[in-house]
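Enquirer: Those protein sequences? They're chains A and B, same order as listed.
Using this note's numbering, read the first sequence as starting at 31 and increasing by one per residue.
Using this note's numbering, read the second sequence as starting at 1267 and increasing by one per residue.
Some hints here could point you the wrong way.
[Claimed, not checked] Listed next, with one range per pair, are the computed distances between beta-carbon atoms:
no.: 1; chain 1: B; residue 1: Lys1422; chain 2: A; residue 2: Arg128; range: 56 to 62 Å
no.: 2; chain 1: B; residue 1: Glu1294; chain 2: A; residue 2: Glu284; range: 31 to 37 Å
no.: 3; chain 1: A; residue 1: Val121; chain 2: B; residue 2: Gly1612; range: 57 to 63 Å
no.: 4; chain 1: A; residue 1: Ala46; chain 2: B; residue 2: Lys1435; range: 50 to 56 Å
[Stated by the list, open to error] If the Cβ cut is set under 8 Å, some of the chain B residues that face chain A in the computed set are:
no.: 5; residue: Ser1352
no.: 6; residue: His1358
no.: 7; residue: Arg1472
no.: 8; residue: Ala1599
no.: 9; residue: Asn1602
no.: 10; residue: Tyr1603
no.: 11; residue: Phe1604
Because the hints were derived from the structure by calculation, they are not lab data.
This one's a predicted model, so the numbers in the text were calculated from it and none came from an experiment.
Backbone N, C-alpha and C fix where the C-beta goes; we use that ideal spot for every residue, glycine too.
Now for the letters of each chain:
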Amino acid sequence: MKRLRRLLPGLGTYAALYLAFLYLPVLLLPLFSFSEGTIVAFPIKGFTLDWYAQLGEADTLLHSLANSVIVGGSTAVLSTVLGLFAARAYVRHRFFGREISEGIVMLPLVIPGIIVASSMLVLFLFLGLRPSLPAVILGHTFLTVPFAVSILKSAFDEFDPALEEAAYDLGETTIGVFRRVTMPIIGPGIVSSLLVTFTVSFDEFVLAFFLSGNRPTLPVYIWSQIRFPAKLPNTLALGSLLLAFSVLLLLTAEYFRRRAATGQGARKESRDDR
Amino acid sequence: MTAETIIELSGVEKRFGTLTAVRDLDLELVKGEFFSLLGPSGCGKTTALRMIAGFQEPSSGTIRIDGEDVSTVPANRRPTNMVFQSYAIFPHLDVGDNVGFGLHRSGLSRKERRARVSEALELVELGGYERRRANQLSGGQQQRVALARALVMRPKVLLLDEPLSALDKNLREAMQLELRRLQQSIGITFVMVTHDQYEAMTMSDRIGVMFNGQLEQVDTPQTLYASPGTRSVANFIGGMNFLPARLHNEGGGTLDMEIAGFGAMAVGRNPNVADHGRNALVGIRPEQLEIAAHRPEGYDSTVQCRVADIAFYGESIHYFVEVDGVPETMTVAVPNYFHSVDFTRGATAWLGVQAASVIDLGRNRDNETQQGEKT
Ligand SMILES: Nc1ncnc2c1ncn2[C@@H]1O[C@H](COP(=O)(O)OP(=O)(O)O)[C@@H](O)[C@H]1O
Ligand SMILES: [Mg+2]
């Protein structure tokens, strides 16, 4: 690392510029959402919360928000359940084809979204599934399973299999072992996976655009609004809210992921007496 | 056995695909004894223990605990409990809930359960630690919690898989004695798995020595040390100088032998040895040899030797010596009496040995190859 820095003295500057280029536009979004003017340009004219207030009255927006929550919630549950099985198998068992299968599961992370989206559309139409929310849910599940698997794998990595054996040895049933040992220890990882997969689905545009049909999700709705210059400030306000919400969810997810990794699950067993 | 049998393994075998991890295991354990399974890593000790615990079903053979055939009974319904090598302390529970974990289904009232937990914690000298978090415990304390958690179940047999291997040396030695004392005071049968011969010898009433999935010998530590039945057992427990010998006459309790380097001696017959033959093998423990500057008096055999190397251990000194007619370098262990190392490398000295110190190891199986290699 040190040698690399000596070889490329401009590396630090480059990194700073790169980050600025990447994130400054994102920071401009909330900035202009408070501006009284309807065009995005400096200098900013006055301060207002009107654009935010107007959001509450837009019916189609609220519908698309509901669609997004339905899609995000279903996706999160589906991909986390799938991820749970996969991660446990990858960490605990050495089986034939494990590495290849892991690679395939991670593939959606690197395939261009537009390709996934168009091929899914073709596939779903072929299977008789018309563009709809269930179609988006399936597409998003495919897309978010890699996130669930990698989060849950790190939770299982820290999990000594002897813990489950010890519980079983102490007379617990298989289900009891899962409830009293596996769940409390893996729990934070599960929460983290649910939050991350929800966020990814909530923010996803391309798949949703192809597969949602006449029930747009929030990003698809925003895209449709960008065509109307008069609606731009509202869109900026909505975008800013979305940004804040996503960051909040991801931070919470990271908190739980770390808790899972350090084994700081629930503190106390419920002391149920019979 | 006259004493009451608690565990009886007969013809127990465990195969993983083509690998046979445990082979034709016959073993009877007595109520209240401290038994150790000793052997090098990978010899099948853990597999044997896990079959007793119920985590693995034998491929063939039967396991009885207290007279009942438990071969197909799963771990959660066997009267055994296990202390895991990693201790497996539940990280999300405090010490009290860890120890009380298994009492959940016992039907005991909360008050009774709490009493049992604190009693078990007292037993392992962790009285009052109920509300400690698992991650606030040292390695030694985790070990005690794991013990208490198993003992609170009042098992008929306590199983321990390398229970001390994760502790550092001083703590390990202290725990050896403490575990032994604990076992004697509660009288539960302990079955411990270890690859550490000293651990097995200091703690156990009896030891079963395993190699390659096969139980080679079951005996008290003293018997294993004094009369090992095979060369591998002799080699694994304590140091041993192996010497080829010729058996001239096997009459009664003694064998007349011509021992390489040491000449004719009458060696006591080892009852644990399977078969004898003209080509014989004997062993002499390093501390049973006397080394002196002049020919020592009163020994059954004395020979001259050259000191090839010296190792200073503090409490003892090891001389590695060469004796004419003995194929391998011999080791002589001498207590460090007066803080002096009496011989230097290259010096000549005398060895003395009593016939009673020579261990009969039966037929010499690699005698043929050794003859072939001779120049
Ligand atoms: N679940 C398993 N599947 C396949 N092979 C195993 C399994 N458990 C143990 N073995 C093999 O059985 C042999 C004995 O293992 P083990 O009982 O753990 O030995 P030890 O405890 O004496 O070190 C080893 O070769 C090990 O690789
Ligand atoms: Mg082992």
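Enquirer: For every hint, state whether the structure bears it out.
Expert: The hints, checked one at a time:
1. B:Lys1422 x A:Arg128: 56 to 62 Å: For lysine 1422 of chain B and arginine 128 of chain A the Cβ distance comes to about 40 Å; the hint is violated.
2. B:Glu1294 x A:Glu284: 31 to 37 Å: Because 56 Å falls outside the window, the suggested range is violated.
3. A:Val121 x B:Gly1612: 57 to 63 Å: holds (58 Å)
4. A:Ala46 x B:Lys1435: 50 to 56 Å: Since alanine 46 of chain A and lysine 1435 of chain B have Cβ atoms about 52 Å apart, the given range 50 to 56 Å holds.
5. Ser1352: holds (5 Å)
6. His1358: Holds - the Cβ of histidine 1358 of chain B comes within 8 Å of chain A, reaching about 4 Å at its closest.
7. Arg1472: violated (24 Å)
8. Ala1599: Not OK, violated: alanine 1599 of chain B not within 8 Å of chain A, min 39 Å.
9. Asn1602: violated (43 Å)
10. Tyr1603: Result: violated, 47 Å to nearest chain A Cβ.
11. Phe1604: Hint violated; phenylalanine 1604 of chain B Cβ to chain A Cβ min 50 Å, cut 8 Å.
In summary, the numbered hints that this structure violates are 1, 2, 7, 8, 9, 10, 11.
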